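Student: Residue numbers (our numbering), protein chains in the order written: chain A, 1 to 310; chain B, 1001 to 1246.
Simulated from the structure, these hints should not be mistaken for lab results. Every value quoted in this text rests on a predicted model; they were computed, and no experiment measured them. Beta carbons are placed, not taken as given, at the ideal position from N, Cα and C, and that holds for glycine. One or more hints might be untrue.
To be verified - Pairs of lysine to aspartate or glutamate, DMTMM-like flavour, derived with a Cα cap of 20 Å:
#: 1; chain 1: A; residue 1: Lys74; chain 2: B; residue 2: Asp1241
#: 2; chain 1: A; residue 1: Lys252; chain 2: A; residue 2: Glu292
#: 3; chain 1: A; residue 1: Lys74; chain 2: B; residue 2: Glu1243
#: 4; chain 1: A; residue 1: Lys260; chain 2: A; residue 2: Asp217
#: 5; chain 1: A; residue 1: Lys139; chain 2: A; residue 2: Glu185
#: 6; chain 1: A; residue 1: Lys30; chain 2: A; residue 2: Asp17
#: 7; chain 1: A; residue 1: Lys91; chain 2: B; residue 2: Glu1091
#: 8; chain 1: B; residue 1: Lys1169; chain 2: B; residue 2: Glu1086
#: 9; chain 1: B; residue 1: Lys1246; chain 2: A; residue 2: Asp168
#: 10; chain 1: B; residue 1: Lys1246; chain 2: B; residue 2: Asp1038
#: 11; chain 1: B; residue 1: Lys1246; chain 2: A; residue 2: Glu61
#: 12; chain 1: B; residue 1: Lys1006; chain 2: A; residue 2: Asp127
#: 13; chain 1: B; residue 1: Lys1169; chain 2: B; residue 2: Asp1241
#: 14; chain 1: A; residue 1: Lys96; chain 2: B; residue 2: Glu1243
#: 15; chain 1: B; residue 1: Lys1169; chain 2: A; residue 2: Glu3
#: 16; chain 1: B; residue 1: Lys1246; chain 2: A; residue 2: Glu10
#: 17; chain 1: A; residue 1: Lys139; chain 2: A; residue 2: Asp168
#: 18; chain 1: A; residue 1: Lys91; chain 2: B; residue 2: Asp1241
#: 19; chain 1: A; residue 1: Lys91; chain 2: B; residue 2: Glu1243
#: 20; chain 1: A; residue 1: Lys287; chain 2: A; residue 2: Asp298
#: 21; chain 1: A; residue 1: Lys139; chain 2: B; residue 2: Glu1091
#: 22; chain 1: A; residue 1: Lys91; chain 2: A; residue 2: Asp127
#: 23; chain 1: B; residue 1: Lys1006; chain 2: A; residue 2: Glu254
#: 24; chain 1: A; residue 1: Lys30; chain 2: A; residue 2: Glu3
What the hints assert, rightly or not - Simulated coverage check for chain B against chain A, where a stretch passes if three residues somewhere in it have a Cβ under 8 Å from a Cβ of chain A:
#: 25; segment: 1003-1009
#: 26; segment: 1090-1096
#: 27; segment: 1171-1181
#: 28; segment: 1213-1225
Letter by letter, the chains look like this.
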Amino acid sequence: MPEPLLTSRELSRRFGDNTAVNNVSFSIQKGEVLGFLGPNGAGKSTTMKMLSGNLAPSQGEIFINGYDLLSQPKQAKAHIGYLPEQPPLYKELTVKEFLSFCAQINQIPSSKAKLAVDTVIERCGLDNVTKRLIANLSKGFQQRVGIAQAIIHAPAVVILDEPTSGLDPIQIREIRQLIRDVANEHSVILSTHILPEVQMLCDRVQIINQGQLILSDTITGLSQHMQSSSLLIELTSPPTIDILNDINGVIKVEALRENKFRLHYQPDTDPTDILVSSAVQNQWQLKLLTPEQHSLEDVFMKIIQTEQVT
Amino acid sequence: MLTLAKNELYRLFLSPLAWIILALTQLILAYLFLTHIDYFVQIQAKIATIPGAPGLTELVAIPLLNNAATILLLITPLITMRLIAEERRNESLPLLLSAPLSMSQIVLGKFIGTFCFLLLLVILVSLMPLSLTVGSNLDFGLLLSGMLGLTLLLSSFTAIGLFLSSLTKQPAIASMTTFASLFLLWIIDWAGNSESSGLFSWLSLLRHYQPLLQGEVNSSDISYYLIVTTLFLIVTIHHLDSERLK
């Protein structure tokens, strides 16, 4: 297994008596998109601030590309790009001026700075606004400038803290597209409380609640969590419920309106194949067959609630 | 570091504040300059006969530099207040903190940028007495020592302002506290003339400026300003660093 790009070990952060982040350990591999999911106040932003060096952890260590963020901050910070919740912009500058400044403070040699600025302007779709003042741009474009400053020095890891908050639906789609493009070249750590965003963008997801990591899984693993054990079917000429109930694996049949049924089955015996073939044999005229999924919301709530009960 | 300084200076000039400050300071000092000239012309005939009498530099240039120091005492807080407090309010500080820069580079960059702006003011002020060389002879040694004094004074003003700006999120509070501290340090030697005032008069920013205005360049006065500047820069760096641990 290759050396992970970013490793955090037993990271904790206390504000007085209040523990915001408690013993969080994880790592991110090259090319991975890691989603940090959690309700508001769960400690997402605090973790992001620690990873970007804006806040020192009370305990634990962070390694970025082999450099210890605490003892070699300069080298480590050269490999991260950070976009806080509120994009850090000098609003009195034009987009191009601002990005040139970012290129310089990120130690890009002046011979390459112009190229870096032009590349990032193109990648973030800022071509038409290079000469406008950042203060006059829409929130969506300001967010793009924020992403542009985070990736201008081609960092190994890009940390984005709630990048789509406060945007309208069209801007959200555009920003997500942009994040997907960014993910092609960088590892990305993304914090959000919007679940579909994680499903759309991330390879791996970590759920954090009350400062603790309570789940760390791949998106496929998470989908398995989400797989429930029920089928929704519609038959034009349905048999009696008893016949459906006798299909191998089916535990319970619920009759819904208009010839629709919900079949609950044991997770390891999926009755779909048998159902389809008997529907053909007996001419039940199958019109609809949908495996039902729990939404990510359900899983999220379930995990957080079981965590709170125990 | 120099990039930061350049950026600071550039952004300063993008705001109307810098231009207004430059224009108004120049206006007020020009008026004072004219009154000093006027006074000199009135008494010129009387003192011309006295040997060793004060000349043009003593009667015009030095009072002007003295007035400039008082006016800059009022103005510096307005410039330094935004340095860190405003970045904090606009939440743009993470940009610098997550860039591969050390805290001392950030603080020094901001200090140098602001100091360059104030240096420009000193140069503009000195242009007035220098214009007198057209029709008269100036004591350049005295003038230079006065300018050196003003420059050193401003560097300590800037460092103190930068520190107080790093303590708060509100530029207005930074401005008020800076003004109050500078003024206190200015008048601290008024604390009476008993023996105990030795320390107070040593602390006074004004006490160390006066000898330079009289052409006395003492290493103790110069080191006083350098110590004040360095001290406040170090405290600022330390404070911002410890804020991450808070």
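Student: Decide, hint by hint, whether the structure agrees.
Tutor: Verification of the hints:
Pair hint Lys74 of chain A plus Asp1241 of chain B holds up; C-alpha atoms about 14 Å apart against a cutoff of 20 Å. With a C-alpha separation of about 15 Å, the suggested pairing of Lys252 of chain A with Glu292 of chain A holds against the 20 Å cut-off. Our distance criterion of 20 Å between C-alpha atoms is met by Lys74 of chain A and Glu1243 of chain B, whose separation comes to about 18 Å. Between Lys260 of chain A and Asp217 of chain A the alpha-carbon distance is near 35 Å, which puts this suggested pair outside the 20 Å criterion.
Of the supplied pair hints, the one linking Lys139 of chain A and Glu185 of chain A is violated, its CA atoms being roughly 25 Å apart against a limit of 20 Å. Taking the CA atoms of Lys30 of chain A and Asp17 of chain A, the gap is about 36 Å. The hint is violated against a cut of 20 Å. For the given pair, Lys91 of chain A sits about 11 Å from Glu1091 of chain B by alpha-carbon distance, which is consistent with the 20 Å threshold. Pair hint Lys1169 of chain B plus Glu1086 of chain B holds up; C-alpha atoms about 7 Å apart against a cutoff of 20 Å.
For the given pair, Lys1246 of chain B sits about 36 Å from Asp168 of chain A by alpha-carbon distance, which is inconsistent with the 20 Å threshold. For a cut-off of 20 Å, the pair hint linking Lys1246 of chain B to Asp1038 of chain B is broken: about 58 Å separates their Cα positions. Distance restraint check for Lys1246 of chain B and Glu61 of chain A: the Cα-Cα separation of roughly 17 Å lies within the 20 Å cut-off, and the hinted pair is therefore satisfied. About 25 Å separates the Cα atoms of Lys1006 of chain B and Asp127 of chain A, which puts this hinted pair outside 20 Å; it is violated.
Taking the CA atoms of Lys1169 of chain B and Asp1241 of chain B, the gap is about 16 Å. The hint holds against a cut of 20 Å. Simply put, Lys96 of chain A and Glu1243 of chain B have alpha-carbon atoms about 31 Å apart, too far for the 20 Å limit, and the pair is violated. Between Lys1169 of chain B and Glu3 of chain A the CA atoms are separated by roughly 41 Å; this puts the pair beyond 20 Å, and the hint is violated. Taken as a hint, the Lys1246 of chain B and Glu10 of chain A pair is honoured in the structure, with Cα atoms around 19 Å apart against an allowance of 20 Å.
For the hint pairing Lys139 of chain A with Asp168 of chain A, the CA-to-CA distance comes to about 9 Å; that is within 20 Å, so the pair holds. For the hint pairing Lys91 of chain A with Asp1241 of chain B, the CA-to-CA distance comes to about 26 Å; that exceeds 20 Å, so the pair is violated. For the given pair, Lys91 of chain A sits about 25 Å from Glu1243 of chain B by alpha-carbon distance, which is inconsistent with the 20 Å threshold. Distance restraint check for Lys287 of chain A and Asp298 of chain A: the Cα-Cα separation of roughly 27 Å exceeds the 20 Å cut-off, and the hinted pair is therefore not satisfied.
Only pairs whose Cα atoms come within 20 Å are accepted, and Lys139 of chain A paired with Glu1091 of chain B is accepted, the gap being roughly 15 Å. This hinted pair checks out: Lys91 of chain A and Asp127 of chain A have alpha carbons roughly 18 Å apart, not beyond 20 Å. A C-alpha spacing of about 72 Å is found between Lys1006 of chain B and Glu254 of chain A, which places the hinted pair above 20 Å, so the restraint is violated. With a C-alpha separation of about 9 Å, the suggested pairing of Lys30 of chain A with Glu3 of chain A holds against the 20 Å cut-off.
Counting residues of the segment 1003-1009 of chain B whose CB lies closer than 8 Å to any CB of chain A gives 3, which reaches the minimum of 3, so the coverage claim holds. With a threshold of 8 Å between beta carbons, the proposed coverage of the segment 1090-1096 of chain B by chain A holds, since 7 of its residues qualify and at least three are required. Judged by the Cβ-Cβ criterion of 8 Å, the segment 1171-1181 of chain B is not covered by chain A as claimed, because only 0 of its residues qualify and three are needed. Against chain A, the segment 1213-1225 of chain B contributes 0 residues with a C-beta closer than 8 Å to a partner C-beta. That does not satisfy the three-residue criterion, and the hint is violated.
Checked against the numbered hints above, the structure breaks hints 4, 5, 6, 9, 10, 12, 14, 15, 18, 19, 20, 23, 27 and 28 and satisfies the rest.
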